[in-house]
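Peer 1: Listed below are the residues making up each chain.
There are 2 protein chains.
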Amino acid sequence: MAERSGRRRGKQRDAAPARRTDYSRLRNPFPPMDVFSADEIAAMHETALRTLEELGVKVLLPEARALFRQGGARVDDSTQMVTIGREMVEAALASAPKSILARAGARNRDVLLELGVLNFQPGAGAPHATDLERGRRPGTARDFRELTRLTQAFDVLHMLPPLVEPQDVPTHLRHYFTMEAQLTESDKLPFVFARGTPQTQDSFEMLQGFRGLSDADFAAAPHCYTIINTNSPRTLDIPMAQGLIDFARARQVAIVTPFTLMGAMAPITVAGAITLSHLEALAAITLSQLAQPGAPILYGTFTSNVDMKSGSPAFGTPGHFHASLAAGQLARHIGLPWRSAAGSAANMNDVQAANENQFGLWGCLMAGASVVIHAAGWLEGGLSVSYEKLICDIEVLNMVAELCAGAQAGADEIGFDTALSTVQPGGHFFDAPQTMARYQTEFYQPVVHSYANFRTWTERGAEDTSARATGIWKSIVEAGPGITPDAARVAAMQDFIAKRSAEGGAPPES
Amino acid sequence: MAERSGRRRGKQRDAAPARRTDYSRLRNPFPPMDVFSADEIAAMHETALRTLEELGVKVLLPEARALFRQGGARVDDSTQMVTIGREMVEAALASAPKSILARAGARNRDVLLELGVLNFQPGAGAPHATDLERGRRPGTARDFRELTRLTQAFDVLHMLPPLVEPQDVPTHLRHYFTMEAQLTESDKLPFVFARGTPQTQDSFEMLQGFRGLSDADFAAAPHCYTIINTNSPRTLDIPMAQGLIDFARARQVAIVTPFTLMGAMAPITVAGAITLSHLEALAAITLSQLAQPGAPILYGTFTSNVDMKSGSPAFGTPGHFHASLAAGQLARHIGLPWRSAAGSAANMNDVQAANENQFGLWGCLMAGASVVIHAAGWLEGGLSVSYEKLICDIEVLNMVAELCAGAQAGADEIGFDTALSTVQPGGHFFDAPQTMARYQTEFYQPVVHSYANFRTWTERGAEDTSARATGIWKSIVEAGPGITPDAARVAAMQDFIAKRSAEGGAPPES
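Residue numbers (full-length UniProt numbering), protein chains in the order written: chain A, 1 to 510; chain B, 1 to 510.
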């Protein structure tokens, strides 16, 4: 919720109300775009099922193989290969919920996950942070906390991802820090890394305690989420399989996201890469539903191409866009809510970074993604998150959110009596009755874009958008946390962390 | 047409063909998006007709008023007001062609104008040019020529606009220069400013002579185009009315574009501003068809909002996007090909410039515009054209053109036999048969985007995208004209210019 007052040409016109915006619940207004025919999508789905039946996937976790075996799959423990019949996949798709309401720290932060909604996340999982004042550096606890604070500050960002890896926190204690930072900086839906059962259980316990949830409360609705990345091609590793099982049994949200680069760990074609991504997602969804029928799970994809000259990943490309569209068609084919991703391969917050991110974003929007990850701040194909890019991309997300609200064309808006007929040829509408009633509320007010003319802008120092963004993120960071958490619950959480740390914490699984 | 060779990881694989692209004929693949209901659109059209009937438009040119009077309009010469019955508008919409093929200097440069096609133009009409080497300056003949050369170099730009105003050429001779520069630098469809009948007739004569067209040839198909801007609200000035009449009688293309800023010269609402724009376009189209039934004419709009704090124009905003959508719905309502516009209010080629331009572009794409003007290079709301921004925006247009080509998902692309089944878990697809057959042709190759990793990019000097763009435009400009025009025709054109200049040229009408 933002409140802004408009002032225009020096005149005070206090009659009109200030503009208020609320981007916390969005539905996607863009007509879904297909890249493939219905027959082609059916053939991709069929090939995915055939691949699962004939070739299978490699599952490294014995418990996961046992679940697959109990469900009717053919399992070879010596090769760790699991072949999965289509009836198992179909049963999983039938039991997976089509609509999920995840509960955050406040009701207006709750996240609805179904086809047709639109939720944004900033960039996630970067090893480095960068900003114009401090330069590029390995991510720290301070960066994690500051970036979480920035995420809290903009209601167009609906879910908390782990923006950067806090590399200065030891890995066996890192999950305590990330959960504490999320819960004390934000009331939005927190993220839990699936780095093994011990860390997951610690994280659930912290979250339950902080939110004051009984076991029954926690099981009754998801209160956090994780991302499950398969290891393409066709491998499910130990922490990811544990995560699928742990989150399913706890009825917390898992978002399955094969990360498939066309021409590298996936086929070079969009159709081939998305078929691979699809079959890996189906295998993971099946495991989730075998562990707990009805467990909240999202379909997902993140497929782009490599640059064939350098082998480097590229994002915001036509291939990335088409892959998002294809994944959206498959998500609608199986009827599940799903996530897609924007992103950029640029090395700094510049024109390439803006254009790639927005191009990738439009692919997600026209693909009908329920969640768009890496929608703001992601550089270097995910190797860094930029504070300035975060602010700049939020401008675009806000503008998309404005489009979600639509526009009206009733008699008041067409305005024959209040505008069109009141101004003669050669006149202007500055003082038309319609203008007077709306001038403070009609237009989107930007965060970082400037409409100063060239002379004014030059006199102000000719700052580029990145430089202006620095001032914006600094003022938010310096203002302190955007929430005031209950002191007793914070203290209890800190006691828990101290106790568990003294006990040795919980190293990640690998 | 571009030819590029791919090389990857040092290996030579000469078997695969080089990537060829052809962006010269595009059809819009994006599902059209509606912002208003069919009833609301009908109400806007009805209000436009009512306004023309009851309030009318001010027409400054006596000849135009005479044409309106002959056609049945009520004309008051003392007030210059013309009220136009709906039957006149309906007759004009019935006689205006729904599909126009404009002939350029080569058949692959011809421009088809109808609903469903997609043509791009760079930014037009800026008083200033800017680049990183020479800074911002009033536009010159050299800038006009260089920017025309850059427009010729990229086949995703389909029509030549007057990118900058060559302010160092006297106004009574400027049209000779702009036509000569366009014809000697490019074989794409040239633009003629409608600055009065004498300049228009000179321009037509130069074009006919250079292209070797008889009067009958010239009348048989359009060979150039102009833009007609109404003076909002509800005024048609002398040069614009002359342009409508001259182009109609010569059967050359006129694109009617009311330039309506919401909250200034147009109503503050999208619905009101587009209703005003619509009625002005209908009046101009009616005049065109009164002058010559069947004359090639395009519907058009360029509507954005002002910033209510400063009064400055803003582009690439949610209001701009919605206005494009509404105009597209009205264009489909009346069945005419139409133009829309992207653009940016930023003062330099930075993140804001990229994000605004692309945001505005997506509005045009989802609105189904047949022609998108200001699609590349436009800064400061049209006060300057940036050489670097031109290159950077072309990257986005190329990627959109790649989307127009779609993607396949046949058995070869899904690739069960040539990719999916050939790679085991833990493997990679670098050498899969499908990859080997396609690695040089599958992916878009960027113009200015870089996929270098952070270390390589830093070692190369950490150039931002704008700096790389400088090298690209310079190499194109330095390479000389992209065409080799017939020397005899150039000489004849220069003789014509010398003769007409000696006779005093042709001052613009005002």
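Take the hints with a grain of salt, since some may be wrong.
Heads up, simulated DSSO-like pairs for lysine-lysine below, C-alpha to C-alpha not over 30 Å straight-line [stated by the list, open to error]:
| id | chain 1 | residue 1 | chain 2 | residue 2 |
| --- | --- | --- | --- | --- |
| 1 | B | K499 | B | K474 |
| 2 | A | K474 | B | K309 |
| 3 | B | K58 | A | K309 |
| 4 | A | K98 | A | K58 |
Some chain B residues near chain A, calculated using beta-carbon distances under 10 Å [unchecked claim]:
| id | residue |
| --- | --- |
| 5 | D39 |
| 6 | T83 |
| 7 | G85 |
| 8 | F218 |
| 9 | F430 |
| 10 | I483 |
The hints are simulated quantities; they were obtained by calculation from the structure and are not laboratory data. Think of the CB as a built atom: it goes at the ideal place given N, C-alpha and C, for glycine as much as any other residue.
Peer 1: Now tell me if each hint is right for this structure.
Peer 2: Going through the hints against the structure:
| no. | hint | result |
| --- | --- | --- |
| 1 | B:K499 with B:K474 | violated, 34 Å |
| 2 | A:K474 with B:K309 | holds, 24 Å |
| 3 | B:K58 with A:K309 | violated, 60 Å |
| 4 | A:K98 with A:K58 | holds, 28 Å |
| 5 | D39 | holds, 9 Å |
| 6 | T83 | violated, 12 Å |
| 7 | G85 | violated, 18 Å |
| 8 | F218 | violated, 35 Å |
| 9 | F430 | holds, 7 Å |
| 10 | I483 | violated, 29 Å |
In this structure, the earlier hints numbered 1, 3, 6, 7, 8 and 10 are contradicted, and the remaining ones agree with it.
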